[in-house]
Amino acid sequence: MDINKTLDAKGLACPMPIVKTKKAIEDIDSGQILEVVATDAGAKSDLTAWCKSSGHELVDMNEDDGVFTFYIKKG
Amino acid sequence: MAEKKKTNIILFSGDYDKTMAAYIIANGAAAYDHDVTIFHTFWGLNALRKDEKLQPKKSFMEKMFGKMMPRGANNMPLSKMQFLGMGPKMIKSVMKKHNVMPLPDLIDMAKEQDVTLLACTMTMDLLGLKKEELLDDIEYGGVAAYIAEGEDGAINLFI
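Protein chains in written order, with UniProt numbering: chain B, 1 to 75; chain Y, 1 to 159.
Looking at chain Y on its own, in the form it has when it is part of the complex:
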């Protein structure tokens, strides 16, 4: 069999809608039999946060960041029409009506399809996110890990 093509997505955004786009593309590419990697950096790390409240040992600044950022994919804001939290409620109800998979399900589906979820360790340090706060079965790396995947990627996206 021919070597698999690769799709690599850098997820920088912490918005619900942009993250949905990233995960829809990732799932589609996995269905195309690509090796798919999503490299989560900066606000994109929030998609990997567990939604339960965890209290790992943190500095004051890290605690503040932790409080101000959404805990997990389901709590992320929209990039447009946030309306103090009404926007996400509205879009989720419309999605349900149109039978579109909610973001947490898209993430589960991606894992099921062996999409590699990679967390950027440098930005984890910056934002004070600890491994125990992020989903299990993900990988950790830096820019070199992304380049290694990206250099022979058929599709490379920055979202």
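For reference, chain B alone in the conformation it holds in the complex:
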């Protein structure tokens, strides 16, 4: 998977991961991939819901020792 942009949101608490993700996705084109790395435990449901509602696709997600990585395809 080609990653076009990476956002490091580690250590940030609600609502910052979602606010920063929104800003970051404005910098890429439709169809490109944004990688978001976060440690906020709520980020999993937050980003899933946000993608669904804003028309982006959560292509993949994984968790490693409390660090969540999301791959979002811009809609």
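Simulated from the structure, these hints should not be mistaken for lab results.
Quick reminder that beta carbons are idealized off the backbone N, C-alpha and C, glycines included.
Check before you lean on any hint, since a few could be wrong.
Stated by the list, open to error - If you anchor each label on the Cβ, the simulated ranges turn out as follows: (1) B:Leu-58 - Y:Met-90: 35 to 41 Å; (2) B:Leu-58 - Y:Asp-114: 22 to 28 Å; (3) Y:Gly-85 - B:Ile-28: 43 to 49 Å.
We have chain B; now place chain Y onto it with these hints.
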């Protein structure tokens, strides 16, 4: 593009914690691409006060109100566990530890995300708050201004 959804929050409370909740929701909704308005009324106006000491022309009662109410978001009390001012100090230190944005930063972030901050002029008159005491770049209105936003709001909250 589809028409933007709207989130409207009436902020009545002048408590630090409740105001934080309002501004976290506002910032989240802005990230959802909603048009967001926070309507500040009664004690909620204190979140918009500048923290410097200003002395606009006021009546005696207005001066008393001005002295008794917190000057700005950072000086607001907690709704629980105020402990004569120890509570806010404690919560701010815990927030720092958990990397949670302090309230003044949340307000700046909301402005940056084009959240409309609306001050209720009727309660400004009641509490004797003058425009020069409140933050710049805010809007002023009454109940109709809120209803206009609220009637087609996807989310309407009273905090």
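Results of checking the hints against the structure:
no. : hint                             : in the structure
1   : B:Leu-58 - Y:Met-90: 35 to 41 Å  : holds (38 Å)
2   : B:Leu-58 - Y:Asp-114: 22 to 28 Å : holds (26 Å)
3   : Y:Gly-85 - B:Ile-28: 43 to 49 Å  : holds (46 Å)
The earlier numbered hints are all upheld by this structure, with none contradicted.
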